[in-house]
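Chemist: One letter stands for each residue in the lines below.
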Amino acid sequence: MSLIALQTGLRDWLTAEQTPALQAPRAKAGLSVYLNTYRAQLMACLSESYPTLHAWLGDDAFAAAAATHIDASPPSSWTLDAYGLGFPATLRDLYPHDPEVGDLAALECALAQAFIAPDSPPLDPASLADIDWDRARLRLIPALTLLPASSNAGAIWSAIAQGETPPPAQLLPQPGAILIWRDGFTPAFRTLETAEARALEALREGCDFGALCAMLVAREGETAGPRIAGSYLAQWLRDGLIAQISDHPL
Amino acid sequence: MAASHRFGLGLRKPHYGDFLDGDAPVAVDFVEVISENFMVPGGRPLDVLRRVRERHPVALHGVSMSLGSADGLDADYLRRLRSLVDAVEPLFVSDHLSWSRIGGFNSHDLLPLPYTLEALEVVCANIHQAQEALGRTMLIENPSSYLTLDGEMSEWAFLDQICARTGCDLLLDVNNIVVSAANHGFDALAYLAGIPAQRVRQIHLAGHSQGRDLLIDTHDKPVPPPVWALYRRALERTGPVATMIERDDDIPPLADLLEELDLARQIATQPERESA
Numbered sequence: 001m002s003l004i005a006l007q008t009g010l011r012d013w014l015t016a017e018q019t020p021a022l023q024a025p026r027a028k029a030g031l032s033v034y035l036n037t038y039r040a041q042l043m044a045c046l047s048e049s050y051p052t053l054h055a056w057l058g059d060d061a062f063a064a065a066a067a068t069h070i071d072a073s074p075p076s077s078w079t080l081d082a083y084g085l086g087f088p089a090t091l092r093d094l095y096p097h098d099p100e101v102g103d104l105a106a107l108e109c110a111l112a113q114a115f116i117a118p119d120s121p122p123l124d125p126a127s128l129a130d131i132d133w134d135r136a137r138l139r140l141i142p143a144l145t146l147l148p149a150s151s152n153a154g155a156i157w158s159a160i161a162q163g164e165t166p167p168p169a170q171l172l173p174q175p176g177a178i179l180i181w182r183d184g185f186t187p188a189f190r191t192l193e194t195a196e197a198r199a200l201e202a203l204r205e206g207c208d209f210g211a212l213c214a215m216l217v218a219r220e221g222e223t224a225g226p227r228i229a230g231s232y233l234a235q236w237l238r239d240g241l242i243a244q245i246s247d248h249p250l
Numbered sequence: 001m002a003a004s005h006r007f008g009l010g011l012r013k014p015h016y017g018d019f020l021d022g023d024a025p026v027a028v029d030f031v032e033v034i035s036e037n038f039m040v041p042g043g044r045p046l047d048v049l050r051r052v053r054e055r056h057p058v059a060l061h062g063v064s065m066s067l068g069s070a071d072g073l074d075a076d077y078l079r080r081l082r083s084l085v086d087a088v089e090p091l092f093v094s095d096h097l098s099w100s101r102i103g104g105f106n107s108h109d110l111l112p113l114p115y116t117l118e119a120l121e122v123v124c125a126n127i128h129q130a131q132e133a134l135g136r137t138m139l140i141e142n143p144s145s146y147l148t149l150d151g152e153m154s155e156w157a158f159l160d161q162i163c164a165r166t167g168c169d170l171l172l173d174v175n176n177i178v179v180s181a182a183n184h185g186f187d188a189l190a191y192l193a194g195i196p197a198q199r200v201r202q203i204h205l206a207g208h209s210q211g212r213d214l215l216i217d218t219h220d221k222p223v224p225p226p227v228w229a230l231y232r233r234a235l236e237r238t239g240p241v242a243t244m245i246e247r248d249d250d251i252p253p254l255a256d257l258l259e260e261l262d263l264a265r266q267i268a269t270q271p272e273r274e275s276a
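Note that the protein sequences, when read in sequence, are chains R and B. The working numbering numbers the first residue of the first sequence as 1 and each following residue consecutively. The working numbering numbers the first residue of the second sequence as 1 and each following residue consecutively.
Possibly wrong hints are sitting among the right ones.
Computed beta-carbon distance windows for the label pairs [to be verified]:
#1 R165(B) with A89(R): 44 to 54 Å
#2 A16(R) with A75(B): 24 to 34 Å
#3 A64(R) with D220(B): 19 to 29 Å
#4 A211(R) with A75(B): 35 to 45 Å
#5 A89(R) with S209(B): 33 to 43 Å
#6 P167(R) with P224(B): 43 to 53 Å
#7 E201(R) with R55(B): 25 to 35 Å
#8 P226(R) with P25(B): 31 to 41 Å
#9 A255(B) with P51(R): 47 to 57 Å
#10 E193(R) with G135(B): 30 to 40 Å
Selected chain R positions facing chain B (in silico; Cβ < 10 Å) [to be verified]:
#11 S76
#12 T223
#13 G225
Coverage of chain R stretches by chain B, computed from C-beta distances (three or more under 8 Å per stretch; other residues unrestricted) [what the hints assert, rightly or not]:
#14 24–33
#15 37–49
#16 208–221
If you are wondering where the hints come from, they were derived from the structure by calculation, not from laboratory data. None of the values given here were measured: they were computed from a predicted structure. From the three backbone atoms N, C-alpha and C, an ideal C-beta is built for every residue, glycine too.
Work out the full structure, taking the sequences as your base and the hints as a guide.
Modeler: Shown next, in the form of structure tokens:
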């Protein structure tokens with residue numbers, strides 16, 4: 001048997017339990033060890049990557065969802081960090097009428113990605129002197145993610161993480177967003193109203209601060225628009241979401 | 001530099017505080033980390049590694065290079081490992097004589113190779129590519145395995161061949177010899193006699209478990225007597241060599257592992273008294 005035939009045969013054994021044509025003593029025992037290790041490792045990877053989701057679903061439902069994911073999505077990356085990235089989509093398929101499950105998985109996935117996202121040096125306050133705010137462009141930190149949210153997954157996550165009884169799942173009065181970032185080395189998140197989420201999306205798409213103010217003036221009026229823009233900026237600076245501000249191209 | 005005994009431990013999360021926060025560095029000569037855990041863009045893992053490196057020499061031990069893949073190595077993996085190597089300036093860079101990846105599938109397990117001439121060509125070509133990409137010699141570790149595949153040579157002859165052809169060195173896992181000797185029915189002393197002992201730069205010690213039919217390399221127990229006994233015999237062949245204990249499950253307090261490491265020190269430095 002060629003090496004590639006052996007390797008594809010063992011792949012098919014691990015992913016589809018198609019027994020390879022091996023001439024090996026005690027092949028069944030050896031194949032079982034590899035199959036058990038493969039599945040146990042992926043199960044452990046998902047459980048360690050999604051502890052809050054695991055707590056929310058319970059052991060049996062989590063194990064069933066993980067087994068479905070392992071059957072449908074064999075790993076492809078060299079890093080196990082990547083294996084859990086597709087799990088939220090599997091959960092949305094499995095729980096179409098429980099949006100908090102998919103939201104919770106997506107939140108936990110984004111927190112894990114923020115944990116290992118590229119570092120970003122803190123914004124130098126001196127760089128803000130003499131800035132032309134109408135033309136100022138804000139570069140967001142690489143560890144920032146915006147997720148759409150239709151449920152109270154954020155409140156559920158926080159309660160479970162603090163060892164408290166989580167609230168019942170609820171739909172949000174209107175679809176919102178969850179902002180995930182890293183504060184120092186610690187992932188953080190907060191639920192956003194739609195207007196702030198839109199403002200951050202606009203910045204990500206290259207909108208400058210003057211245009212952002214104009215957008216808010218158009219929606220909120222001459223008085224409230226600039227005030228809201230100022231309060232957003234202050235909050236984003238406090239949260240450490242801004243990597244750089246410049247009135248030159250970034 | 002003359003060869004010398006050095007004694008280290010694998011760095012695992014439950015012991016980060018011990019390694020980073022103590023007034024004095026932990027009493028080890030080096031620490032070994034799993035390379036892939038630190039091949040990340042940023043965040044706390046790299047900060048931990050940077051701070052550990054300020055206190056200790058670090059060995060990088062990989063589990064995902066997949067040196068036995070018939071369809072070659074992953075270029076992205078090699079680039080990221082090279083970045084880590086450049087940042088850490090490690091004592092050793094090692095990975096296993098095994099494969100994990102084929103055709104876009106990655107098992108995340110150390111799967112066995114048949115010891116054939118074809119596999120030898122593949123492994124040697126991959127080691128050449130890796131050593132070129134990393135700009136240094138690698139250490140190749142003998143695996144534990146659970147399938148006795150048809151081959152044209154023994155595992156130790158295969159290791160001898162890859163050292164001769166690629167210039168790589170060896171990471172001898174004594175526990176893996178014990179496990180594979182039991183599973184495949186070979187003589188562990190014949191294994192030690194057959195490897196190019198002068199190429200062994202590092203030794204791993206660990207524990208294993210008895211499965212239903214086979215011994216399993218679980219790293220969840222203290223180093224057992226048969227592994228200590230074979231370690232003593234291995235040192236007779238290799239001479240002084242960097243030795244470390246791997247513990248990946250049911251991880252005890254660091255003090256327990258340091259005590260275990262003292263046993264390795266005693267065996268390595270007082271072999272006559274220990275074997276009396």
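Chemist: Checked against the structure, which of the hints given earlier come out wrong?
Modeler: 7, 8, 9, 10, 12, 13 and 16
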